Amino acid sequence: MRRRGYLVGAVCLALCAVMLLPLLASVLASLKPTAEAAASPPTYLPGSLSLDSYQRLWEYQQGLPVYLFNSLGTAVLTILFTLLLTVPAAYGLARFPVPAKELLFVVLLLALIVPYQALLTPMFLMFAKLGLTNSLIGLAVVHTAIQLPFSLYVLRNSFAAVPRELEEAAIMDGASSVQSLRRVFLPATVPAVVTVALFAFIMSWNEFLGALVMMSKSSKFTLPVVLAAARTETSLGGTDWGMLQAGITISIIPCVGVYLLLQRYYVSGLMSGAVK
Amino acid sequence: MVKHWRPAVAALATIALVGACSSDPEPTEEQAVQPATTSCASSGELTMWERSGGNKQMVDLLVEAWNTKNPDCKVALTYIPHTEMVGKIAQGIASGEVPDLMGMDLIYAPQFEKAQQLVDLTERIKSWPELATASKGHMTVATYEDKLYGVPLYADVSALFYNKDLFTKAGLDPEKPPTSLDELRSYADKITALGGDVKGYYLPGNCAGCNIFTVGPLMWASGAKIEATAEGDEPLTGDGVKQVLQFARDMVKAGNVHEGDRAENGETFHLQFGTGKVGMMGTGNFNITLARQQNPNMKFGIGLLPGVSPNSSASFIGGDLVVVPRGSERVADAVNFMKFLLSDEVQVEVYAKALNLTTRTDMVDNKYFQAEPLVQDVAKALDVGRTPYTLTFFEQINSPQGPWLQMLQKAYYTDESLDTIIADAKKAMKTVASQG
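Chains as they are written, first to last, in the working numbering: chain F, 1 to 276; chain W, 277 to 712.
Warning: the hint list may mix true and false statements.
[As the list claims (entries may be wrong)] Derived CB-CB ranges, DEER-like: (1) F:Ala-111 x W:Glu-625: 53 to 61 Å; (2) W:Asp-348 x F:Gly-131: 49 to 57 Å; (3) W:Thr-707 x F:Leu-112: 34 to 42 Å.
Keep in mind that the hints were calculated from the coordinates and are not lab data.
What you are looking at is a predicted structure, and each value in this text was computed from that prediction instead of being measured.
No residue lacks a Cβ here, since even glycine has one placed at the ideal position from N, Cα and C.
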């Protein structure tokens, strides 16, 4: 029995090593001095530690803080817009006698089949007329649109899974439908709401193409766009590896942080959407 | 040289023509009459786009110099990821969201000129005396149907870099780079014979742009022509094509290049010479500073890329042009910025001082270059260099799936008949050119 325990442990450790090695390599490479980061063939471990790469990235164009702010601002707005739209919509579709609601739900999900890249051109032209390009709000709207079908799917299913007795009890106590959403449904579906928020955050934080198309001022770029520009070292496509790794390391931190913080909800959130 | 652009953004380019026909106004007559100066005529920020890449440092310095001189009319510079630049410009022009001026890869200028997406500057700049000595390669692609659309922003020229330390070790004269393909081959053999990790030569196996930059000139110097300029034009003519392909195939077979070169897609091309393990390599002027940073103790020299016959040479003149996109609201000031770039003072005190090539050939003789023989050597490439002129450069040459790279890979790494390989590439290039 004990031997089996060791075996499982060893397998887990090996798996962790496989998963974590690229991350570790990336972090280590970001700490190499400039010349060493560019060495060919590359070295595995840094000969000496240096923050050169971080400094170059920190000072690129408008400076890294501006880009972090843009990325973070867009991500937070995306979460906000997504929840504001999908919570009432999912509540309505799950709990109210909407005519042809199954059909409506399917139509809303249809957007999942259309790759969003195909929608960017018309969206961009429309946004240019509305003055929403070069604005965090505009980009957050694009990101929200990308995220809507999935979020609606998760939330509607978890609202539908809340026992009818709970809702009836709330009505007996005189709660209006908005009150029962706030007092009964939302507390019962926290994991699903967190899941939706997390997915929205990670998508918005990493999204490249939409940000590239919508933004054309360096003061409005988000982190992925800046990284694509900053890493280029020659006109033949040469890459500044040290700076690229520094950028990757910095862009991983919030994702890992948020994930670790909300991991418990996240996992049970996935389940809550899945079982219904 | 953009390696590739993403299909999704490229799709945006298709809307450009439609948009360009309907939206932006032509520059007004009133703007057209002001004579150009080297400072700003109006006030307010000028917006400028430039592709990200090797000349960031140079462009930053140029913009800084302008901003110091014109504090009321600063240039606000945005670097666009270089693989996305073409799509981004097309998208900007279609929607009217364009910068006041921009730097663009010179190689793509003709297709934007043809599509009338750039402002015709002929009347404003044609009488400038500076243009007579401006880099010829740049000016060729800045011209379309006798109209002028831009001036050079910076020059990337290719040349033959060679490692003097390895030359000495191999018993070669470190002051004499090879002047023909035969010499290049025999020197490479001697350097490779030193053994260890050292190889005599370098061939980027998976990078179309690197090859037109460094192998293309070997063909030009041997009297060949590469791309089809337009429909009906014959590409890959002259014996030089086959001779250079044979030369490269033999180099690979003789073990004169590293095994890993085959996978080189451009991302580490600029780092190869600085390793000190390559005897000779075609690369660009950007490599001077990089190699020094990488390997401060290495001694190296620069010669011209040779052809078959002794003392023949050629170079690829790449780099960027400054142009004005349709819809720009500050054409006059964009032109003033161009005048500023070409002025004697900027050529010497900004370009030359930072040890970058001047974009005017008559400015090469300056105090900064005199103190730096390597830059003087690389500057010679400006005289023998050229820039391909075609509306389908990407499809014919630069595309990772294009006929140029396919031809080279078959020549370098297979035993297929060179005549067949060339004939296939010819056919593919002609088809592409007829569709452009």
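Results of checking the hints against the structure:
1. A hinted range of 53 to 61 Å holds for the C-beta pair Ala-111 (chain F) and Glu-625 (chain W), which are about 57 Å apart.
2. A C-beta distance of roughly 26 Å is found between Asp-348 (chain W) and Gly-131 (chain F), which places it outside the suggested range of 49 to 57 Å.
3. The hint said 34 to 42 Å for the Cβ distance between Thr-707 (chain W) and Leu-112 (chain F), and at roughly 39 Å that hint holds.
In this structure, only the earlier hint numbered 2 is contradicted, and the remaining ones agree with it.
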